[in-house]
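Q: So the chains spell out like this:
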Amino acid sequence: MLELEGISKVYRVGTFGGKELHAVSNVSFDIEDGEVVSLIGESGSGKTTIGKMILRLTPITSGMIRFNGVDISTLKGAALKKYCCDVQGVFQDPFCSYNPIFKADRIFGIVRHEFFPGLTGAQWSAKVEGALRAVGLNPPDVLNKFPHQLSGGQLQRFLIARALLLDIKLLVADEIISMLDASTRMDVLNLLADLKPRGLSILFITHDLSLGYYISERAVILYRGCVVEMGSTEKIYSNPLHPYTRLLMASVPRLDKKWEEVEAGLRVRAAGLPGGCVYYDRCPITDQAGCCDSRRPALVEAESGHLVACSQVTGQ
Amino acid sequence: MSLRVENLTVYYQTLKGDVRALERATFSIADGEIMGLAGESGCGKTTLGHSLVRLAPPMRFVEGRVTLDGEELPIWDTERMNDFRFKKISIIPQYAMNAMNPTRKIGRMAAELLRSRRVDFRAKLPELRSRLDLVNLSHDVLNMYPIELSGGMKQRMVMVLSTLLNPSLLIADEITSALDVSSQKAVAEMLVAFRDQGCCKSVMVITHDISILYQIADTILIMYAGQLAEKAATATIIHSPRHPYTRLLISSLPKVGVKQSERRLTGIPGSPPLLLDPPIGCRFRERCPVAFDRCTEVPPFTEIDRDHFVACWKAFEEHARA
Amino acid sequence: MKKQKKHEILYFALRNNKVRFGFTIILFFLLLTFVGPLLTHYAPYDYVNPKGAQPPSAKHWFGTTMFGQDVFTQFVHGLRATFLVGAIGGALGTFIGIVIGFTAGYRGGIIDEILNMITNIVLVIPTLAILLIIAAYLTVRGILVESLFIGCTAWPWAARAIRAQTFSLRARDFVDLARLSGMKDWRIIFSEIAPNMMSYLLLVFILQFGGAILIAATLDFIGLGPTNAVSLGLMMNNAVLWGALLLGVWWWFIPPGLAITAIVGALYVTNVGLDEVFNPKLREM
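Note that the protein sequences, when read in sequence, are chains D, C and V.
Everything in the first sequence is counted per our numbering, starting at 1 for the first residue and increasing by one.
Everything in the second sequence is counted per our numbering, starting at 1001 for the first residue and increasing by one.
Everything in the third sequence is counted per our numbering, starting at 2001 for the first residue and increasing by one.
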């Protein structure tokens, strides 16, 4: 349904824009109908930028994103509006997603104004109430309130309800539960997973491996704008190949095991050279072939449906 | 006994009245103990941490007694607390890493900090250097500006600065929340190293992330709606909690290797009560699956096993039966 | 809740001494512009007193000029011109500032750079030199022309300030969400971004208002003011031209000078007060 083909995002930084900052470099993956894909990475890995590029909030420097075969950067006017109907996003900070001086249900009002100007008041409120019930909210409790009168969990549910009003095909969920309380996190996440039977695809952006595993069929691990490993979630979790993925696995605080004495090798060596492996300076594996600092490893299929970009593992 | 808190009650003053953010907190932290303090947002854990260091308006001291190493802390008097702050009791606030002055080099900042406490910077320099080694920071950071450091490095720098005078108690308020998992682990492990090296006698780690506490804490104190719910050794809290809130909180945490399609995790229904006008009796009553008529009375925070405190009528009953 | 918030602002505004003080003074002068002309039965340039300059008396409250014109009449009519210049010049300056600031801040990129360049150019243009040229071409200059000129040269700092605010608001998630709803850019600016800056825009307008009055007084005083009207600045200009300072005719130049100082001063005090009202951190509790 959605294909990303070698997309990159380069920012010009420095006094005269002389330096280039590669936020995302040459990322390709796809999302099938009704599939949940996790995009996992730490801050600065470019995961949010990828989400914004899919939502057309940030232009792409190079590469192409195709939705049902159509290059989304060419969309204009009515076609763009149709795309907004198909693809929607929910962001990390629930309080930032609302204009603080208006009531929270204004986000529905905007949708009505832009997409359903023909509906009568009664039809519209029935539709809104339906969507609110679908996300587990009781309409009288939450309508007509200001954002600060609602909890973070309620606000995130509101945003999901807004997306449901549009009958979307793909939802980009960018860290939507990371700012919520532990007691409401799982419920919002379950809600997201329960949308799958509606034929909805989800791009679940997160820094938390356990959440990615909980909800998604496939995972894409991102480090400094590059895909370092991707494949079915089970295979990645049972057999993480890339040293960065392994480090992530070792660092996740868990309740069943204590952090083993993992030699994380966090000693900062000289910053990785351009063109070399992006993980070079933190990688605990010794560079036997002597090529890690000069050649960027390609994504290679290590077992069926499980790809990794590390020359130490793939033995290139 | 490093820290002893008795009946500490602190309110927030607002235009609408007092918000009862912390009521009748009684607990202690032993020498060398790392105590985790956990609960949902708004449960009063940050209020508790901050009131021990700087109790300033809108916070209002109502009653209570705090002793540190046998000496009573005048926490209601921010002026007199100056003698204890940073020397005996030190805090790393939540956003400390963003609070560093961007126009000062880090070394100069450290010197100014020490001078304000009438300590000679030169004399402390070797100590400072060895602390930097302890947290894996190069000595060059003293000649750098805060902007040149990453979030994790800044957090570690703040940790070094706030423990430089070997305080008796270090309070770490949500210091790992804004970090990536790999830096989280590093910072958390450094807290343990600090304790082991004697940079601080005991540590209070405030966080909403219980799985981090499981990794580093000796004991865990769970708070709910401004009151203490349960305190016990880490293993006890995680594996055999007594308070229904603790149980629900732990079961709602995401676990590595659990798939939604196989095992559905659930959160805690409902939301915490407003503390402007809290319900009478046990404050968890409305959300509690095992609440009964006795719960209209406030359950006392009682020691049911050695070093296992809990405030729940049901837990008392279960314990009496066992 | 919104109502409550408005009430809250009104409550703090009415309790704020700076706002009260400034507002009272402005209101007093504003009232004078309407009531004043009714209290006098002369026209500003009528020669009513054949004896020339006379100190204030029961008949001529503010005395008369060297030519025997009634100073009070000139004063209240001049006051009206001053408020007009402030309102038109201030509104125009704020309007241009808003359009340029919002466009530059929201669009960013190359448009921002171009608009920024224009803003900086206008900011450093020697206003006086341009006015000399304009004065040479226009033989008859009215209050309106003067206000337009002031409005067209005073906007740059407002544009810069609004641009910076827009820039930070644009990065908020709710703007992204509005874009995802297919909202048009101008609608996002006016219905999502601008309401968040309402207090700020009000302050910009007040400062532009005061600034316009001050510039107008300066222009009038050096003889580049309106040729067919009366204003407070012109009064001072005439007073100085005919040696009122040397001859001790203080009642000719003190009232207009004092009025300008009081109005502009009151505007600035109101501005500081409102700043405290809108920004809870500055509120004196």
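Hints are supplied without guarantee of correctness; some may be wrong.
In silico EDC-like links for lysine to aspartate or glutamate, alpha-carbon gap of 16 Å or less [claimed, not checked]:
| no. | chain 1 | residue 1 | chain 2 | residue 2 |
| --- | --- | --- | --- | --- |
| 1 | C | Lys1016 | V | Glu2008 |
| 2 | C | Lys1314 | D | Asp187 |
| 3 | C | Lys1259 | D | Glu234 |
| 4 | D | Lys258 | C | Asp1209 |
| 5 | C | Lys1255 | D | Asp256 |
| 6 | D | Lys76 | V | Asp2185 |
| 7 | C | Lys1255 | D | Glu114 |
| 8 | D | Lys258 | C | Glu1189 |
| 9 | C | Lys1016 | D | Asp167 |
| 10 | C | Lys1259 | D | Asp194 |
| 11 | V | Lys2184 | D | Glu234 |
| 12 | D | Lys52 | V | Glu2008 |
| 13 | D | Lys81 | V | Asp2185 |
| 14 | D | Lys235 | D | Glu217 |
| 15 | C | Lys1255 | D | Asp187 |
| 16 | C | Lys1088 | C | Glu1063 |
| 17 | C | Lys1088 | C | Asp1031 |
| 18 | C | Lys1255 | D | Asp281 |
| 19 | C | Lys1259 | D | Glu114 |
| 20 | C | Lys1259 | D | Glu35 |
| 21 | D | Lys81 | V | Asp2176 |
| 22 | V | Lys2018 | V | Asp2185 |
| 23 | C | Lys1016 | C | Asp1277 |
| 24 | D | Lys258 | C | Glu1071 |
Simulated from the structure, these hints should not be mistaken for laboratory data.
Q: Return the numbers of the hints above that this structure violates; sort them in rising order.
A: 2, 7, 9, 11, 12, 16, 18, 19, 22 and 24
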